[in-house]
Amino acid sequence: MVKNRSALSLLFDYANVLLMALMICAMLFPFLHMAAIALSDPEPVIAGEVTLWPNGLNFDAFSAVFNDNRVLVGYKNTLIYVVLGTTCSLLFSILGAYPLSRRNLVFGKTFMMLIVFTMLFSGGLIPTYLVVRSYGLLDTIWAMVIPGLVSPYYLIIMRTFFQGIPRELEESGKIDGLSDWMIMLRIVLPLSKPVLLTIGLFYAVGIWSNFFSALIYLRNEDLHPLQVMIRNIVMIGQVGDMTVSNSVGGRTVVLESLKYAVILVGTLPILIVYPFIQKHFVQGVMIGSVKG
Amino acid sequence: MNRKKRFSLLGAILIASMLAGCSNNGGTNVTETGTNTPSASPESTETASAPDVTLRLLTDFKDIYPPKPDWAVWKWVKEETNITIDQETWTGPESLALSIASGDMPDLFTVFPGDAQKYGPQGAFLDLSEHMDKMPNVKKFLDSKPEVAQRMTSPNGEMYHLLNDGLGAGNLMVWFYRDDVFAKHNLQPPTTWDELYETSKKLKELYPDSYPFTFRHGVGTLPAFGPQFGVYPYMYEAPDTGKIKYGVTDPGFKVMVEYLNKFYKEKLIPQDWLSMDYKAWTQQVATDKTFMTIQYIGQIEIMNSQLQNGAHLKFMAPPLGYGDKAYIQKADYENYGIAVSSKTKNLDATLRFLDFIYSDKGKDILSWGKEGETYTIEDGKRKFLPQYKEPNDLRKELGIMTSTAYGVADFEASLSLSNENEQHSFTEAMKYQFPTMNLTPVLTDEERSGITAIEEQLNKYYESSVAKFIIGETPLSQWDAFLDELNKIGAQKIIDTYQVALDRLKNNIK
Amino acid sequence: MNSPSILKQLKRDRAFILMFAPVLLYFIMFKYVPMFGIVISFMDYNLFKGLGGSEWVGLKYYQQFFDNRDALVIIKNTVLLGLYKLLFGFPAPIILALLLNELRNAVYKRLVQTVSYLPHFLSNVVVASMLLLLLSPSTGWVNRIIEWFGFPAISFLQEAEWFRTIYVLSEIWQQVGWGSILYLAAITTIDPQLYEAARMDGAGRWKQTLHVTLPGIAATIVILLILQIGGMLEVGFEKVFLLYNPATYDTADVIATYVYRVGILQGSFSYATAIDLFMGVIGFLLVYTTNKISRRLGENSLW
Numbered sequence: 001m002v003k004n005r006s007a008l009s010l011l012f013d014y015a016n017v018l019l020m021a022l023m024i025c026a027m028l029f030p031f032l033h034m035a036a037i038a039l040s041d042p043e044p045v046i047a048g049e050v051t052l053w054p055n056g057l058n059f060d061a062f063s064a065v066f067n068d069n070r071v072l073v074g075y076k077n078t079l080i081y082v083v084l085g086t087t088c089s090l091l092f093s094i095l096g097a098y099p100l101s102r103r104n105l106v107f108g109k110t111f112m113m114l115i116v117f118t119m120l121f122s123g124g125l126i127p128t129y130l131v132v133r134s135y136g137l138l139d140t141i142w143a144m145v146i147p148g149l150v151s152p153y154y155l156i157i158m159r160t161f162f163q164g165i166p167r168e169l170e171e172s173g174k175i176d177g178l179s180d181w182m183i184m185l186r187i188v189l190p191l192s193k194p195v196l197l198t199i200g201l202f203y204a205v206g207i208w209s210n211f212f213s214a215l216i217y218l219r220n221e222d223l224h225p226l227q228v229m230i231r232n233i234v235m236i237g238q239v240g241d242m243t244v245s246n247s248v249g250g251r252t253v254v255l256e257s258l259k260y261a262v263i264l265v266g267t268l269p270i271l272i273v274y275p276f277i278q279k280h281f282v283q284g285v286m287i288g289s290v291k292g
Numbered sequence: 001m002n003r004k005k006r007f008s009l010l011g012a013i014l015i016a017s018m019l020a021g022c023s024n025n026g027g028t029n030v031t032e033t034g035t036n037t038p039s040a041s042p043e044s045t046e047t048a049s050a051p052d053v054t055l056r057l058l059t060d061f062k063d064i065y066p067p068k069p070d071w072a073v074w075k076w077v078k079e080e081t082n083i084t085i086d087q088e089t090w091t092g093p094e095s096l097a098l099s100i101a102s103g104d105m106p107d108l109f110t111v112f113p114g115d116a117q118k119y120g121p122q123g124a125f126l127d128l129s130e131h132m133d134k135m136p137n138v139k140k141f142l143d144s145k146p147e148v149a150q151r152m153t154s155p156n157g158e159m160y161h162l163l164n165d166g167l168g169a170g171n172l173m174v175w176f177y178r179d180d181v182f183a184k185h186n187l188q189p190p191t192t193w194d195e196l197y198e199t200s201k202k203l204k205e206l207y208p209d210s211y212p213f214t215f216r217h218g219v220g221t222l223p224a225f226g227p228q229f230g231v232y233p234y235m236y237e238a239p240d241t242g243k244i245k246y247g248v249t250d251p252g253f254k255v256m257v258e259y260l261n262k263f264y265k266e267k268l269i270p271q272d273w274l275s276m277d278y279k280a281w282t283q284q285v286a287t288d289k290t291f292m293t294i295q296y297i298g299q300i301e302i303m304n305s306q307l308q309n310g311a312h313l314k315f316m317a318p319p320l321g322y323g324d325k326a327y328i329q330k331a332d333y334e335n336y337g338i339a340v341s342s343k344t345k346n347l348d349a350t351l352r353f354l355d356f357i358y359s360d361k362g363k364d365i366l367s368w369g370k371e372g373e374t375y376t377i378e379d380g381k382r383k384f385l386p387q388y389k390e391p392n393d394l395r396k397e398l399g400i401m402t403s404t405a406y407g408v409a410d411f412e413a414s415l416s417l418s419n420e421n422e423q424h425s426f427t428e429a430m431k432y433q434f435p436t437m438n439l440t441p442v443l444t445d446e447e448r449s450g451i452t453a454i455e456e457q458l459n460k461y462y463e464s465s466v467a468k469f470i471i472g473e474t475p476l477s478q479w480d481a482f483l484d485e486l487n488k489i490g491a492q493k494i495i496d497t498y499q500v501a502l503d504r505l506k507n508n509i510k
Numbered sequence: 001m002n003s004p005s006i007l008k009q010l011k012r013d014r015a016f017i018l019m020f021a022p023v024l025l026y027f028i029m030f031k032y033v034p035m036f037g038i039v040i041s042f043m044d045y046n047l048f049k050g051l052g053g054s055e056w057v058g059l060k061y062y063q064q065f066f067d068n069r070d071a072l073v074i075i076k077n078t079v080l081l082g083l084y085k086l087l088f089g090f091p092a093p094i095i096l097a098l099l100l101n102e103l104r105n106a107v108y109k110r111l112v113q114t115v116s117y118l119p120h121f122l123s124n125v126v127v128a129s130m131l132l133l134l135l136s137p138s139t140g141w142v143n144r145i146i147e148w149f150g151f152p153a154i155s156f157l158q159e160a161e162w163f164r165t166i167y168v169l170s171e172i173w174q175q176v177g178w179g180s181i182l183y184l185a186a187i188t189t190i191d192p193q194l195y196e197a198a199r200m201d202g203a204g205r206w207k208q209t210l211h212v213t214l215p216g217i218a219a220t221i222v223i224l225l226i227l228q229i230g231g232m233l234e235v236g237f238e239k240v241f242l243l244y245n246p247a248t249y250d251t252a253d254v255i256a257t258y259v260y261r262v263g264i265l266q267g268s269f270s271y272a273t274a275i276d277l278f279m280g281v282i283g284f285l286l287v288y289t290t291n292k293i294s295r296r297l298g299e300n301s302l303w
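Read top to bottom, the protein sequences are chains A, B and C.
The first sequence maps to residues 1 to 292 in my numbering.
The second sequence maps to residues 1 to 510 in my numbering.
The third sequence maps to residues 1 to 303 in my numbering.
Bear in mind the hints are in silico, worked out from the structure with no lab data behind them.
Check the hints yourself; a few may be wrong.
[Claimed, not checked] Computed far set for chain A versus chain B, every beta-carbon distance over 10 Å: (1) 13; (2) 29; (3) 32; (4) 33; (5) 171; (6) 173; (7) 177; (8) 182; (9) 186; (10) 228; (11) 232; (12) 279.
[To be verified] Taking lysine to aspartate or glutamate pairs in the EDC-like style, the calculated list, with each CA pair at most 20 Å apart, reads: (13) B:468 - C:250; (14) B:62 - A:221; (15) B:265 - C:191; (16) B:201 - B:179; (17) A:109 - C:299; (18) B:460 - C:70; (19) B:460 - C:161; (20) B:389 - B:420; (21) B:468 - C:161; (22) C:207 - A:13; (23) B:506 - B:447; (24) B:62 - A:222; (25) C:49 - B:104; (26) A:279 - C:191.
Note that the structure is predicted; figures quoted are calculated from it, not measured.
Every residue gets a Cβ at the ideal spot worked out from N, C-alpha and C, and that includes glycine.
Let's have the full structure, built from the sequences with the hints guiding it.
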């Protein structure tokens, strides 16, 4: 009986590994394809002969991207927005989510309703713009931080996690004479590391890929994040039949290659954040505290 | 995860603004090409004494020639008019809307005619018709090009924008073919759609995995085929009657759909013609997968520059499908205009700027630049300095012929950088333009809101039905039912509305 | 109720109210103040003159929407697309998280996790162009595989009956890895003692998953489900727009694309706002109902 079960279990393991391998292939495909196109010679790209492996080896597209001054400025700006924005957003989300996680908070239901309501109704583009403008945020770095400061969605998720923290821990804090603020700082937040990291990642990625606020609120190109440039380049290929190539040092770079090089350059840095966060995803962070 | 992108309309709106170039954008209907610009012209004279003014300008953004503050065109404008242009760019039509809504409007805007007709009557833009006395050169231009003047005039005679002119030829959609392949197999370019079919059959035998004939705008390409069958598949002024006609109901259009159905069935056109993107089209052209196609005229040389091993594309006269003469769309008009904020504090300078860019001198400087600086004269002919190799170099490096950096452009300047094959294409293409444009006359707000809903339904039904006829999902025996349904939706009401607008337009001209 | 008076509660919760105050202020300043804009759905909004100078038109735009003979089809398409996305798209990340949790090799697990969320970073424009590439009847891989098995090629993007499948599958492909992150985070908060206890009771992996892991992340599942049901009808505009064509209008035309087409014809912010408001009301009803049901069932709830 026991043996039988472990055979089944082993079979499941193999199937699972295989399934995940298939998934890896499906998920990696577009990135390999983009990399292959970005690194190939122009001719095979135009002929559509490149799928997953570069045909020829050609760094023109990447050198075109890195020689573009806007890329470096964009990187710098994006970095500022991500660091500043993620910090502020996370802070405000905690301040919003923790009180709401208390089951008997006064006006708690009303506050929740108010927040859920904003997920479903919005004034629309123009009123939002006018309001943001009237606060004097246009053409400042805060335009990238404040209008989207708290996502109701993430706030609610965070609240759900806070609710999952055993009440007894807070009670024990109370007995130790800690104030409500101290309980949050000393007990709740340390226990919530996985969710804080996760929501932090969500905010960071959201800000990293946010081109829309920049287009609307930032007219000064010196403040533009990387994504605006990426967007512009991706859209030419999609939108118009304008030109196929950009000239770089007398050599032709196919728009297709340039486009994918830009996307890769603009995406890779944020991709490597997750693996760092992942190592905190160890089962059972709760255990020490509950016992101790 | 729920990625809430309430605002991701942007991409699509950008697309729409590009498509606006090839769809009806609420212009007026025009019947005749204009005469050449007359020689003598009242030049703006007050340059030296003119006050030094800075004007804010909001233009569209083009990544292939991103605006630079040190573009020479603005320097020349400054030299000639003492006006400094401070250029800002928008990223989509929202930017225009936001700028208007915020009240913080620049002095000058680059606009599409539709925007001008929408926001002008709301009060955002100045009615320029009232200021013609200050702009003698603009007036002269309008008098010389009544058909352009018509397109920029609102139903009650207001003029909320000035349209650019001179570079429309680039909007032409033309046929072209692989002359090297044709020569190799001793084929002649087809002159009729029957020959097109026969030639495609032969090519399909020679290259079994090819689709000899390709086009890439899906159902949106049909307006380009129409003139070979004597119609546009939409509402337009019929050349013979001068009345608004709905080309879809014309027998010529049915013949066209029958042809396309036959081409599709026999795999002479790509089986995914409805979903092909530009990339797919380029690949087909670049890899001996197709030999005849229809596209914007500039694409011939763009593709030629990328083709390998002696492959070459050449202009082809439109083949006749139905009726007595084959045409291409009449499309050599421009769809960009310039509007002035109704709140401008620099009215005089703004009008002076407009007058300058429409003057002969302005046209010359803003198209060619200055001798020694941008061109030299050889054998009495102007020649751009060698660093300018293609028309886009002028835009990218100097700002020549970019939005609102010209009123009337001298196409010769741009053409002088084209190779022989391209010059040939332009000369030939001009011969085949349909007598009228594929445009509807400008409506009043009331008229427009009266038909908007029906028009959308009509277009949707037309597009999906025709697509299904061509791919054989609906048999052609259902054609009459299709026509009945168009009537039921209310095609006649739309025709009538446009007829009223057209009559009004013709009355205004008299 | 024998709960203490409001004043007493306020006093008790003063620290929490203080914490929440800046957040409330944010929501009022940046979400509720702009919400006055909703009134333009009852107006012919004049961009230049603003709200004061615009004319009231009552329900004109709502009526215009329902007068459209295609309104029902468009609503049906939107609902079905949203429903399928929920039906297949919602469980997918949960299943992935559970499967990942069962992977024994830690390195492999992290690799899979990292790779699985890559597609989330692709813009719809890129995803659409990849789909075009993969699904092309002449050169696409999918069709080459189909042909290899001896079946004729399918013009996937040109056949209305394929549209929903393609849309939903590509959504899952884009979002499954990303969505699983939350569940993985939730799994980490489960007390390992529970697993131990289950093992002592002789529960195998399947039983442990069923009786420990799933209940452990149930709260997250329920909350996300409620929220996603509320957003069900928000079918992303961009992707549909990039993937549809006249031959697939029958299944692919949704409210967002319709509003877009009418918007192009008449450039109306009022119209778009009216439809937005209408969708918001439906979304709110959905959230409210689901929340109520969830509470009845004794599960987690939003309020």
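Tested hints:
no.: 1; hint: 13; in the structure: 28 Å, holds
no.: 2; hint: 29; in the structure: 17 Å, holds
no.: 3; hint: 32; in the structure: 18 Å, holds
no.: 4; hint: 33; in the structure: 12 Å, holds
no.: 5; hint: 171; in the structure: 34 Å, holds
no.: 6; hint: 173; in the structure: 33 Å, holds
no.: 7; hint: 177; in the structure: 41 Å, holds
no.: 8; hint: 182; in the structure: 33 Å, holds
no.: 9; hint: 186; in the structure: 31 Å, holds
no.: 10; hint: 228; in the structure: 8 Å, violated
no.: 11; hint: 232; in the structure: 5 Å, violated
no.: 12; hint: 279; in the structure: 22 Å, holds
no.: 13; hint: B:468 - C:250; in the structure: 11 Å, holds
no.: 14; hint: B:62 - A:221; in the structure: 14 Å, holds
no.: 15; hint: B:265 - C:191; in the structure: 64 Å, violated
no.: 16; hint: B:201 - B:179; in the structure: 17 Å, holds
no.: 17; hint: A:109 - C:299; in the structure: 16 Å, holds
no.: 18; hint: B:460 - C:70; in the structure: 10 Å, holds
no.: 19; hint: B:460 - C:161; in the structure: 18 Å, holds
no.: 20; hint: B:389 - B:420; in the structure: 14 Å, holds
no.: 21; hint: B:468 - C:161; in the structure: 14 Å, holds
no.: 22; hint: C:207 - A:13; in the structure: 16 Å, holds
no.: 23; hint: B:506 - B:447; in the structure: 17 Å, holds
no.: 24; hint: B:62 - A:222; in the structure: 17 Å, holds
no.: 25; hint: C:49 - B:104; in the structure: 13 Å, holds
no.: 26; hint: A:279 - C:191; in the structure: 18 Å, holds
Taken one by one, the earlier hints fail for this structure at numbers 10, 11 and 15, listed in ascending order.
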